[in-house]
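Undergrad: Protein chains in written order, with our numbering: chain A, 1 to 244; chain B, 245 to 423.
It is worth saying that the hints were derived from the structure and are not from the lab. As the structure is a prediction and not an experimental result, all values here were calculated from the model. Some hints could be false.
What the hints assert, rightly or not - Here are a few chain B residues that face chain A, going by a calculated C-beta distance under 10 angstroms:
{"#": "1", "residue": "R260"}
{"#": "2", "residue": "A269"}
{"#": "3", "residue": "Q294"}
{"#": "4", "residue": "L295"}
{"#": "5", "residue": "K299"}
{"#": "6", "residue": "C314"}
{"#": "7", "residue": "R318"}
{"#": "8", "residue": "G375"}
{"#": "9", "residue": "I387"}
{"#": "10", "residue": "M393"}
{"#": "11", "residue": "L403"}
{"#": "12", "residue": "R404"}
{"#": "13", "residue": "V411"}
What the hints assert, rightly or not - In silico contact screen, one side only, chain B against chain A (beta carbon under 10 angstroms); selected entries:
{"#": "14", "residue": "D315"}
{"#": "15", "residue": "G363"}
{"#": "16", "residue": "C397"}
{"#": "17", "residue": "R408"}
We treat Cβ as the ideally placed atom computed from N, Cα and C, and that holds for glycine.
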Amino acid sequence: MSEENRISDELRGAFVDSQLEAADWAQVAAQMERDPALRDDVCELRLLKDMMRHAYTEPPARRRRPAARPGLRWPWLAAASIVFALGGWFGHGWWSGGPALDPTSAYALRGDWQSLRGDWRTLDGSRVLMHVSSGAQGALATALDEVEDLLRSARAKGRTIEVEIVANSSGLDLLEANASPYAARIAALRQEFPNLALVACGRTIARRTARGIEVSLLPGTVIAPSALEQVIKRLRDGWIYVRA
Amino acid sequence: MFGRSAALRRDIERSRDMLYRMAFAWCREAALADDLAHEAMEKALRSAGQLRDAKRLKGWLLRILANCLCDHARARREHVELAAIEDSVAADGPTPEEAQASAQLVLRVRNAVGGLPFGQRQVVTLVDLEGCSYAEVGEILEIPIGTVMSRLCRARAALRERLRPFVREVLGFRLRSVK
């Protein structure tokens, strides 16, 4: 690439930080289609950003002290509990700028499931990890819709695929027997698609248990030490990562 | 009016963990971070009436926190750079296999962040941890947006340098697997 066409470091940073206007964003995205080195670079920046978030998700425990009130130095009020949402390290999905979907760029860009479904050439034999870290009803429903579409599309096209849902933070609600609004649907999916696995984050479970919340998971759910470790393990095993 | 005030107070109190986390990222000392977050909350609660737009609460709180940190540094007559990062952390750190443990990853990243010049550390943590826009960071730290971008750029270059072996290793597995 000629120097004059080079996307500056500031622009690359602004791209991953979603700070660009539409025209600039499109310019970087178009350049990425043509430039594998740029894709890798953006990929690294995104990973770095995710690692940053993860590193400070749980800072050292605070001393227990009462909440502040104006005019009182040390009021005797209950301290707020420390509840940090685990997740966000790998907050990116797929991108496809056209028919030449390059799976190596999957991690690099925010994307959409339409793109993922749009080109199955690169997915045959693939294993896809769907990371769910939000318990918002909309997010859970969308995640399930997409997983179901993915599984059905693969089956219809005779493709081999494995899908694993990894849930943590408030996303664990999806796999909670007593809280999941989709327990019946997930059970039906599991019955229909043996290639769908469910994994719960052990750290999230431990935190809930420590707060006196009994955690009961849907049948067949496996507990991983932590969602992060599971994601890294899967990435190393060649799984495709998608954030719900 | 009273309703807004009560709701604002609750929102400020709920921001305590966010303030503590950011203070810890900035000063790298848990006890000091706790004091700073507490102080920022107290100041915010005392001056809650000055906040005109509740949507700007987070930026307003972070600005108070940044000022608390500056006051603290001035009071101690020293910069809050508490310890220089040991280069050996990156050079002799865990092997890629060991680095799989999230605790080690956390330590590596925190050490790398802690080794940044303070101004860069503030900018990169505001953007990456709190998702602040560049304009918000400029307001919080009272610096021009161009300075935000250049500090951010330098911070990331330094972080990538320090964390490159691990980043490459993770992405290497990822890329190799899809060929």
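Undergrad: Could you tell me which of the numbered hints above are not met by this structure, giving the numbers in increasing order?
TA: Violated hints: 3, 4, 5, 6, 7, 9, 14 and 15; rest satisfied.
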